[in-house]
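Take the sequence shown: its position 151, counting from 1, is numbered 781 in the working numbering, and each next residue is one higher.
Any given hint could turn out to be false.
In silico DSS-like cross-links for lysine-lysine, where the CA-CA straight-line distance does not exceed 27 angstroms [to be verified]: (1) Lys713 <-> Lys979; (2) Lys865 <-> Lys842; (3) Lys762 <-> Lys865; (4) Lys865 <-> Lys916; (5) Lys784 <-> Lys713; (6) Lys784 <-> Lys762; (7) Lys761 <-> Lys784; (8) Lys807 <-> Lys852.
Here are the in silico distance ranges between beta carbons for each label pair [what the hints assert, rightly or not]: (9) Glu966 <-> Ala745: 36 to 46 angstroms; (10) Gln707 <-> Leu846: 17 to 27 angstroms; (11) Asp731 <-> Val757: 38 to 48 angstroms; (12) Gly830 <-> Asp731: 36 to 46 angstroms; (13) Ala745 <-> Gln977: 37 to 47 angstroms; (14) Arg824 <-> Lys859: 17 to 27 angstroms; (15) Ala745 <-> Arg712: 34 to 44 angstroms; (16) Asp754 <-> Arg808: 15 to 25 angstroms; (17) Lys804 <-> Lys979: 42 to 52 angstroms; (18) Pro746 <-> Lys979: 45 to 55 angstroms.
I should point out that these hints are in silico values taken from the structure, not numbers from a laboratory.
Each residue gets a CB set at the ideal place from its N, CA and C atoms; glycine is no exception.
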Amino acid sequence: NKMQDRRYRIGAIVGFFILVGFALVYMHKGSSMQTDVLKLHQEQDTHDQDKSSQIRKTQTHVNYGDEKFTNLFHSLQHSNTRKGISTNCITGATMRTFNPDFKTVLHKDTHDAIAPEMDVKRKDAFVHIFKKHKWGRGDGTSDLQVSGGGSYLKFAQEAMAVLHSVVDEYKILKGVKRVRLLDIPCGDMQWMSRFLATRGDIDYYGMDIVPKLIELHKEKFKDEPWTFKQHDIAKTALVESYDIIHCRMMLQHLPVSETLKVLENFSRSKSGYLVTTTFPTTSSHKKIHVGSFQPLNLEIPPISLPPPLCYQRDGDHTRQGHHYISVWPLPLKYIEDCNKVAMSVLQDKKNLTIYTCI
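Work out the full structure: start from the sequences and follow the hints.
See below:
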């Protein structure tokens with residue numbers, strides 16, 4: 631019995647040391663695995679930092695070789711237009727190519743002055759449209775707003791996306807934290823107020839020809855850091871400069887002579903960029919009364935702007951009109967001696983034949 635007890639004790643001791651040995655080996659392997667995992671995470675973090683650094687470098691340095699420019703940042707640097715490319719304002723995809731060897735001239739105020747009685751008629755026309763809710767009756771939106779169906783929130787999604795892109799890229803290009811945005815005409819603020827609510831980096835200035843509209847905005851948005859002012863841009867030049875001038879869905883309601891005066895005032899303001907509406911499929915213009923409508927193409931005579939930095943269809947592709955939001959640098963330049971309208975192709979979801987000076 632004593633012999634058996636001794637054997638049991640020796641076996642228990644040996645078993646104990648064997649278990650301790652296994653435990654030590656397991657702990658060593660676990661420590662090694664933990665070290666390997668930590669090392670892997672460190673390597674991944676280093677890789678991500680290098681990748682982020684590389685992305686930032688590609689955003690701030692332009693390769694002028696055979697690289698295909700694909701973002702709005704390059705457009706705002708005018709690199710694309712020097713290459714003969716107009717891009718999409720949101721995606722950066724190429725929408726149009728053209729021969730960049732064309733002559734332009736800076737704008738000169740050579741147009742006849744607008745008669746004072748026309749200034750009165752223009753103001754009266756838009757005040758009447760505002761009071762009577764003339765716009766939007768055909769699509770059932772006149773009870774919701776006073777600026778027409780084009781300003782309805784569901785038809786402004788692309789416009790909002792373009793403004794987001796332009797503001798973001800302008801900040802990168804200029805190295806600034808805030809952007810001065812002039813919205814003219816500001817209209818009823820149906821969608822612009824929602825756009826501004828998503829950003830804290832915009833100093834907003836809204837102008838409109840209708841005095842009552844400005845009064846309503848000052849009261850409704852009195853708690854917002856937004857500035858509103860009554861202003862007739864076809865009559866009076868701007869006294870301040872802005873980083874971005876946003877002029878959506880206005881010029882097509884003016885006679886061409888008044889549109890030219892508006893563009894002159896934008897050009898003389900020493901502002902940065904103009905974001906505005908154009909109808910590139912229009913081949914010629916007609917005479918209209920203020921407040922009525924024509925699909926105004928800014929790239930054909932007598933306006934004759936060069937291709938914009940970018941295009942973005944404004945609204946659903948199933949809607950008629952083929953109107954686009956486009957971006958031009960200020961001051962505006964004009965195609966010299968544009969006596970003949972040429973046809974080109976705009977590469978959208980459905981390719982369009984457009985009319986231009988080049």
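So, going through the hints one by one against the coordinates:
no., hint, in the structure
1, Lys713 <-> Lys979, "holds (23 angstroms)"
2, Lys865 <-> Lys842, "holds (18 angstroms)"
3, Lys762 <-> Lys865, "holds (24 angstroms)"
4, Lys865 <-> Lys916, "holds (22 angstroms)"
5, Lys784 <-> Lys713, "violated (35 angstroms)"
6, Lys784 <-> Lys762, "holds (23 angstroms)"
7, Lys761 <-> Lys784, "holds (23 angstroms)"
8, Lys807 <-> Lys852, "holds (24 angstroms)"
9, Glu966 <-> Ala745: 36 to 46 angstroms, "violated (29 angstroms)"
10, Gln707 <-> Leu846: 17 to 27 angstroms, "violated (40 angstroms)"
11, Asp731 <-> Val757: 38 to 48 angstroms, "holds (47 angstroms)"
12, Gly830 <-> Asp731: 36 to 46 angstroms, "holds (43 angstroms)"
13, Ala745 <-> Gln977: 37 to 47 angstroms, "holds (43 angstroms)"
14, Arg824 <-> Lys859: 17 to 27 angstroms, "holds (21 angstroms)"
15, Ala745 <-> Arg712: 34 to 44 angstroms, "holds (41 angstroms)"
16, Asp754 <-> Arg808: 15 to 25 angstroms, "violated (37 angstroms)"
17, Lys804 <-> Lys979: 42 to 52 angstroms, "violated (32 angstroms)"
18, Pro746 <-> Lys979: 45 to 55 angstroms, "holds (46 angstroms)"
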